[in-house]
Every structure is written in structure tokens, then in C-alpha cells.
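Asker: These protein sequence lines are chains A, B and C, in that order. Counting from 1, one number per residue, gives the positions in the first sequence under the numbering used here. Counting from 1, one number per residue, gives the positions in the second sequence under the numbering used here. Counting from 1, one number per residue, gives the positions in the third sequence under the numbering used here.
A few of these clues could be false.
DSSO-like mimics (lysine-lysine), calculated; alpha carbons at most 27 Å apart, straight line [said to hold, decoys possible]:
#1 A:Lys295 with A:Lys59
#2 A:Lys75 with A:Lys197
#3 A:Lys75 with A:Lys129
#4 A:Lys171 with B:Lys280
#5 A:Lys395 with B:Lys280
#6 A:Lys254 with A:Lys276
#7 A:Lys167 with A:Lys75
#8 B:Lys280 with A:Lys70
#9 A:Lys428 with A:Lys254
#10 A:Lys70 with A:Lys129
#11 A:Lys231 with B:Lys280
#12 A:Lys58 with A:Lys395
Just so you know, these hints were derived from the structure itself, not from any lab. Note that this is a predicted model, so its numbers are computed, not measured.
As a plain string of letters, each chain reads:
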Amino acid sequence: MRRSRARNAAAVALAAALTAVTAGCGGGTTTDSEGSNDKPKELTYWASNQGTSVAHDKKVLAPELKRFEKKTGIKVKLEVIPWSSLLDRILAATSSGQGPDVLNIGNTWSASLQATGALLPWDDEHMAKVGGAERFTPSALAAAGAPDKDPAALPIYSLAYGLYYNKKMFKDAGIDGPPETWDELVKDGKKLTGDGKHGIALEGGDPVENSHHAFILGKQHGADFFDASGKPTFDSPGAVDAVKQYVDLLAADKIAAPGNAEFAKRESVRDFAKGKAGMLLWQAAGTALQSNGMKSDEYGVAPIPVQNPGSGEKGTRSMVAGINLAVFKNTDNIDGAMKFAKFMTSDEEQRTLNAAYGSIPPVKAAQSDKAFDTPDLKVLREVLTTSSAPLPQVKDESKFETLVGNATKDLFADAAAGRKVTTESVAKELSAAQQQMRK
Amino acid sequence: MTTLSPPPGTSRPDREAGPSHSGPPLPRRRRILPDRLRRAGLPYLLLLPALVLEILIHLGPMAVGVTMSFKELTQQYIRDWSAAPWTGTDNFRIAVDVNAPVGEALLHSFFVTCAFTVLAVSLAWLLGVTAAILMQESFRGRGVLRALFLTPYALPVYTAVITWSFLLQRDGGMVNHVIHDQLGLTDSEPFWLIGDNSFAALVVVAVWRTWPFAFLILMAALQNIPKELYEAAHVDGAGMRQQIRRITLPSLRPVNQVLVLVLFLWTFNDFNVPYILFGKSAPEAADLISIHIYQASFVTWDFGSGSAMSVLLLLFLLLVTGGYLLVTGAGRKRDV
Amino acid sequence: MSEATATATADGTADGGTGGTAGDGTAGGTSRKPGGHLAGRASGAGGRKGPGRVSPTAPPRSFIWTRRVVLTLLTIFAATPLLVMVSSSLKPLQDVSDRFRWIPSSLTISPYVDIWSTVPLADYFLNSLIVAGAATGCSVVIATFAAYAVSRYRFRGKRLFTVTILSTQMFPGILFLLPLFLIFVNLGNATGVALYGSRGALIVTYLTFTLPFSIWMLIGYFDSIPRDLDEAALTDGCGPLGALVRVVVPAAVPGIVAVAVYSFMTAWGEVLFASVMTNETTRTLAIGLQGYATQTQVYWNQVMAASLVASVPIVAGFLLLQRYLVTGLTAGAVK
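Chain A with its partners taken away, still in its complex shape (with noise of 0.2 Å):
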């Protein structure tokens, strides 16, 4: 008797706690009107990590963001969040409706994060007021969202993979130039490889760069790894050889060291730049080379190899890599959103923080600039508007990369632990990845 009039009041006060808890759980604002007005001398930017450390983005930004205070008179706090978090603020952000007015995402969320349905969508009349979609280079705003609907966020820093390669040790295996094709690359990592050296370093304990190349490789292929409607295809035999030939180039090829396969720290970046690897597949490394000690004459860049020359799909030499600007739905200052993207767009800023970072401004009239004219961003821009694909915008990207990038990782631990890396042994870690996609 003692015992169950206790648990009732307990019950009793649970269900009001409850109540008092969901009630307002609709996540903030849940009206789906674009924004207000009501803050509008503040924005709050979220960057994201985009220079060597957090202290460089700072640097970089605050001069810009003061002149947009001077111009526009709206105060903009910066918070430059790490990659490590990014995501996980950018999902509690959105299911809160507490978030930014203006952030910074990873352009291969652009189609998940639209899904949400949190971004302030870029249609027409909102795109005039940045002074339209023509102004960005059309590989770039692919890459912002779900081909059928108005694009998420806006480009503004644009990146590409290219091969680096180490000048001297291709001069000292008697190589005479890079490789065009991955025959020639296999050949002359073999070359390159002996002495503590090794022909290539690789990211294999980094799920997004695995997912990255497992893309790239991929699309050489032939395959997708999502078909028209969305569905996932991961064990299509087309990706079942692209992520064989990039974990072979560890399994079987043996031109990476077998350490390689628990990088996820920047590791292959920093052996490149020692030299202890010839080669890297890398999205502007520039910067991250020369503090590791490199100087910027002693490694070229080039095209990543294909299959065969050739062109069309199977010559995709890189995914549309970069960094895209979005404006969240529920902003409180949507017309000062609307002025600070025009400003991050603008053609003087962009020529300033791509040069600063090493990208590539997607807007074309920015790209006329000497800075990008170095031998390795001219390469870069050159693979940029010829032959980049942009990953699949579909709103199961991310798992894509996560369970993609995963199975990748694994079969990279296999090789490493001596284990033979078959088709068989991709298909069915393939299939396992694709079955964890639940719907």
C-alpha cells in the first residue's frame, strides 16, 4: 500500500515533467516562414576549419568580417569550429532551431542537410540578391544540393584532389614525369618503393578520405554508388574494383607502407612532405605540405591517373571538393544574412580568403587572379572544370562516407595484418556496408 501510492505520486510528477519537457519540443522556431528580422545588427558565423589551426582562420577572417562591420554596420561573431565537431553542432543546431544565422558545411553534406530542411534554400529571387547562380562555376553549385531542387548554400571555397609528387625522388628512380594512368602509377611506385621509402602515402584510417577516393575510383569505373532514385549500390562490381584498387595499392601493389593503413591524422600528408613517400593524392596540400617543411618547388602536382585515357565519366579525375556557405532557415537577421553571403561571394573577398587558404574561389570572375595561378592550383582548377564529379547529392551522403569510408578502413586493416584482400572478401564488406542502410 506504502509502497504503490509512492510510485504513483512518482508517476504522477514523471508525467508532468514530461509534459512540461515536449511541450515546447518542436525544436525552436517551428514556423517554416525564412527567417526574421528581429536581431538585425548580429549575425553569428560558424566557419569551419578551413586554414593550418583554428588560431589561422581567425587571423584570416577577422580583418574581412571588420569590413563588413564598417561597410554594413551588422556585428558578426566568428566561431571557427573543428572538422571533429562540426557536424554534430550543425545536427544539434538543427534539431533545436538554436544555431547560427550563417555557417559554413562540408559541400558533400549540402544534399543531407537540405533534406533537413534547415538551410534557407537558394532560389531565384534569393540568388538575384547575390547577383545570381551564373557567377558560380556550375561544378561547384552541383555540388550544393539535390539536383532537382534550389540549391542549400552557396560555394566558397573550391578544392579538387591531385596527384603530388615528390620532384626529386622521381628524378632519382628515373621517372620522367607523373604518372597518367594507375599502370604507370603501380609501375613507378615499385619503383619508388625500397629503403624505407614507399611509392605512395595514403589517408587508410580516414573514412572520409577513403569514401572519397572509393568515389573518384569509382566513377572510373563506371559505377555509382547510388542509383538514380537515391538507392545505394555499394556492391556494384564497379565500386567493388575501385575500392579493391585503392586498398591494392596497399594489399597487393605494396607501394604504401602498411602503417598507412591506420592513418587518420594527417600522417601521409607529413610522410610526403619527409619524403618518405613519392607520392599523395591530396586536395590542395599546398599549405599543409609547407608547414610540414616541404618547399613549394620540390613537389608537383598532376592530374589523378585513370584507368585508360580516355574521357566522359570514366576520365573523372577528382569529386567537386569544397566548402559551401549556407543560411539557416530560422535566422533572426535574414536581410544581413542575405548581405553577408553577398560579401562572402563577392569577387575582391573571394580573391582574398581562397588565396589565403590555398582553395580555389567557384566564383569565375574571382579565379582571374595571379594567386591561383601557381603550377598546383592551375592544375587543380584545370581538373576542377574538366573532369570533377560531384558526389552523389543524395540525402544519404553522409552514410555514404561513414559506411563507405568504413568498410574501407577495415579492408585496409586486413591487408595491413597480412590478410589477402580478394573481390570476394570487398564484395562482402561492401554488401555488409550497404545492408546497414536501412531504408
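Given the coordinates of chain A, assemble chains B and C onto it according to the supplied hints.
Answerer: Leaving out everything else, chains B and C in the frame of chain A:
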């Protein structure tokens, strides 16, 4: 917040003990208020802050979490939860369907966690009890040694685990330097942060961090055993080993009961160690359930499914703890 | 004064504890009679607390050798990572980013200089200090009240309360990370106080996390304090709260210190909630230390230096208060 009702029980005795809510009772008022009433209200008042916080921060969110587990809470819906469709028990059915990949992966993760917990807890306990017994007698340097042993536990978990991830690197780590370069125990340098060895690495790091806790508690408990018992046993002709078996271990039994349970819960739910050691995607061999659920919710953006898995985990822990307390003798009898 | 009470308390516990054990322990029967006989002699030789122990029970040689070997191994196990942590923080970057080496090519203190500029470590440190300090203070006070109620009063729902409190220890953090976040946001919207991203939200969260274990430990400790003490205070004219503050709390200092240390450590080390609930101005050390792994490389020497900076206060505090911990735990959790 005004809807938050008073703590369990308050609503009832309120009638009899209402006045005492008006503030801390002063000695003067003792005679005015019948003692019986004041004593009935005061405990609830004392419990109130703790209760409000527990309901607000622990129980409330937990209940929301349980609610989430019955919803299809994928990225389309996280912005507006109320719009997320109810899925009944779908999330649970998928989580426990061990023939399908999601359930299979969860089961695998569950087994890994069980093995990890059993190993880590028993090793931590074993080291703790060994060190505590060996250091029961005072000897030169005991204080220093005790401080040293306790330090790993005192370190903030992130600094401890970051250091371990530095030691366990394959190419530049100290562990491989010692066992491969210096001792020549292995033909090639093993991996510790990926592949099958990652399980061993996880156990070692967890034990390194938790055994000092066992050591501390057991050391405290040993101080409570009167020396007379040992002296008496000695006179009876019992050797060191017998004294440990006959006196030390039985005396530690009530402590062990609590200690093992606490270690079990902390280890089983441990998120920090695997997260800092392996990052967001743990290797299969070390795919602890907390990381697995984190991945199911945050990385693949399926919060309904992640919550369902958490609820299952919670049920399991409640079951185990309940069973454990029943078997080991009814827990703490505080209701006296 | 509190010293004396504490000792008396610990002794009281010891007797109570062993009495119970002896009853169901196997050793009970054999030891009881000779025990009484010997106790007299032992206390004559300086009591059981004296460092100079009676020779009859001096450990055999084999035990001493076992002790040496095992403790040496344990020392290596416990100390090696600490040693590497310290030595790596004094090495130049190239020594920590290539093959491991015991002997550094040169010693440098530059990591200790650089850590403050690579990331705003001082700010993070201050944030951690505020959050952990406030959470600890509140936790101790609230836990003391609650534990006192449970320990000294009979009331309806007591059992329910203790069971519920304990069961929260089982909640997987991940289950309520997002809901808790939402609650803070909604509370913030409702009250107009910005909770999300504030230190306040983090303080309340940590405070609640540490409450169950703190309450539970303090119940044990309070139970071990003889009721006669506070009843005497009550008859002297103190109210129940007066008795708590003037008698019980001073007698429970070791237990309270143990609880405070536990709370502080938990708050200082928490990672998951801090990663989602802090922003740049409120970021704590747990998240801030990730800043040394940059987009281009990991500054391992700075990571180790910053880790040491983050660890020193807490390790020092822990070791200094160790004596209290043992006493506190003896009566509290251990009983």
C-alpha cells in the same frame, strides 16, 4: 517549469506537513509545531533540489529518449520532432533482428562489449586487490608508490587516452618501439588502433585507467580489517596465503559487491575511452556498444534507431544489476 | 575538532563493518577467541596504528619478494605512459612525429610556450575551472541535503528515491544527449535565459551526473556517524538543519571531500556533452585539446604539454586529498 510537480510523495504528506515548507524550521518554532509534522516534511524539502535536477536532467531527457525510440527520427524530421511519424516497435524490431545486418552488427557490438567489460573489470579488480594486499603493510616508499598508482585514475580521461593513442601508434609509438625494435618480440610491427589488436589495446587502456580506483577502494576497505584478526590467525599457524584466503578476501566481500557493480556499469557504458582512442568509427573488434549507438544516431543521423538501441542497453543493464543485487544479497538495506 | 571526530567515526565504522563481516565470513569462528587474547598484547605494543609492527606477524621473505616483483611490474605499467607524456612534452616536434625515441635529440620548453598560442588554452582552462568548480560546489551541497534526509529520516518514497537515483547510473549518456540539449533550448526560449552554449547548462548537467554517486556515498558516510551526535545537538536546541550543519557535516568532512573530488574529476574530464553543449567561448579543456591536431599535422609535443597542464591541478588535488578519500570511501561507498 511551473508544471513540474513536487517530488514523489510530497503531494501526499503535504497536508500534514505543509507548514514546514515555508522555510528552514527554527528552534523557536519547535514547540509551536508538533514534532511529528515537521519531521514528515523536512526530508522532502531536503530532497527537493536533488529531485528536481534528477527529473529535469536525468529522468526527463531519458523519457524523451525513450519516446524517440518509437519514432522514425531521421534527418527529415529532426527539425520538427512532432512531425516524425510513429513507427511503433519498428526500431526495436530492426535492432533485435539478428539475422539482418543492423541487428547482427548490434549483437556483435554487444558481445564485444560484454567481453571487454568482463576482461577489463576482472583485470582491474585483480590488479587492485593484489596491489592493495601487497601494500597493506607499511614499507619504505609506500606513499610514493600509492601516489603513482593513483595518478592514472586522477588524470582527466582525455589526456590519459590521448597519451595512449600516442603510445599505440604503429609507426611512431612507444609500444611498438619496445616490443619490436628493442625486444624483437614480433616479426613486423603490429597495429593497435585498427584491426583485431584494437580490442587488446582497449582493454589495456581501460584497465590502466580503472584499476587504481579498485586499488583505492580496496585499500580503504583493508584498513577496516582489525589487525587482531591477522595476529590471531598467525598464532593459529595460518600462513600468509591462508590469511589472505580466510581473512582478507571474506572481509572484502561487501566492498567487492559494490565495487564490481560500479566498475561494471562504468565500463559497460564507457564512451570516452573508445571515442578518444579510435575516433568516431571504432574498428570492428573494438566496436563498443556506446560508440556503436553514437554512430547509429549521430553519424548516420538515425536518432530513432539509436534511441531504440540505447533503450535495449538500459533494459539489459537494469536486468543485470537487479539480478546481481539479488544474487549477491539484496543490496544496501537503507530502509531501516 | 573535525579531525578528531573523523577519526572516531572511522574507527566506529571499522568495528561495525567487521562485526558484520565476521558474522558471515569464514574467518569469524576461528579468529574470535584468540583475537581477544592477542589484542591485549598488540595494543600494549603500541596499538594497531603504530608503524612499528609486532614481529610475530612480520611478513615472510617470500611475501616480500613477491611484493617487490609485482609492485615493480605495476610501477612500470602505471608509470610508463606518464613518463612518455612528460618526456614528449619536452621534445622538439621532429622527435615526436617520427620513430619513437627514448632519448630526445634536444630538450626544449617551447611546447609549453606554444600551447598558449596554438589554441586559446588559458580560456579553456578557465572555463573548465568555472564549470567543474561550480558543479562540484552545488553537487556537494545538494547531495549533503539529500543524503542527510535519507540517512536520518523515515519517509514515504525513500526506497523509491534511492533506487531511482542509483538506476540513473545506468543511463547511457548517448540516449539523452539530444533530448537534454532540446530541453535546454526550450527552457532557454521559455525563460529568455540563453542556456544553450552557456556554462550554466554545462554546470547543471555535470552537477546532475555526479549527484547520484555523491548522494549514495554520503548516505553511507552519514549512516556511519552515530545518531547520538545529532540527537544531542537537537536536544541542545539546534534544529535539524542546525544539527546537520554543526554536527553532521563537520563529522563527515572526509566523506564530503571524497564526494567533491569525485565531482570535480567527473566534470573536469567529461567529453561527450561538452562537445555538443559548448561553443567557442565556453569550450572546456576536454574539447579544446583537440585543437592541437590541426588540418595539417598533430603537434604531439604540444598535445602532451597541454595534457600535462590540464592534468596537473587535478592530479595534485587528488593526491593531496588522497588521505580524505580513503577515509571517506571507507565509510561511504565501501561500507
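Asker: Now look at each hint and say whether the structure bears it out.
Answerer: These are the hints, each one checked on the structure:
Among the hinted pairs, A:Lys295 with A:Lys59 is consistent with the structure: their alpha-carbon atoms are about 23 Å apart, no more than 27 Å. Our distance criterion of 27 Å between C-alpha atoms is broken by A:Lys75 and A:Lys197, whose separation comes to about 51 Å. Taken as a hint, the A:Lys75 and A:Lys129 pair is honoured in the structure, with Cα atoms around 20 Å apart against an allowance of 27 Å. Between A:Lys171 and B:Lys280, the direct Cα distance comes to roughly 40 Å. Violation of the 27 Å bound is thereby established for this hinted pair.
Between A:Lys395 and B:Lys280 the CA atoms are separated by roughly 20 Å; this keeps the pair inside 27 Å, and the hint holds. For a cut-off of 27 Å, the pair hint linking A:Lys254 to A:Lys276 stands: about 14 Å separates their Cα positions. Taking the CA atoms of A:Lys167 and A:Lys75, the gap is near 47 Å; set against the 27 Å cutoff, the hint is violated. Straight-line distance between C-alpha atoms of B:Lys280 and A:Lys70 comes to about 41 Å, which puts the hinted pair past the 27 Å bound.
A C-alpha spacing of about 22 Å is found between A:Lys428 and A:Lys254, which places the hinted pair at or below 27 Å, so the restraint holds. With a CA separation close to 20 Å, the supplied pair A:Lys70 and A:Lys129 stays within the 27 Å bound. A distance of roughly 25 Å separates the Cα atoms of A:Lys231 and B:Lys280; the hinted pair therefore holds under the 27 Å criterion. In summary, the hint linking A:Lys58 to A:Lys395 is not supported, as the alpha carbons are separated by about 31 Å, beyond the 27 Å threshold.
Checked against the numbered hints given earlier, this structure breaks hints 2, 4, 7, 8, 12; the rest are met.
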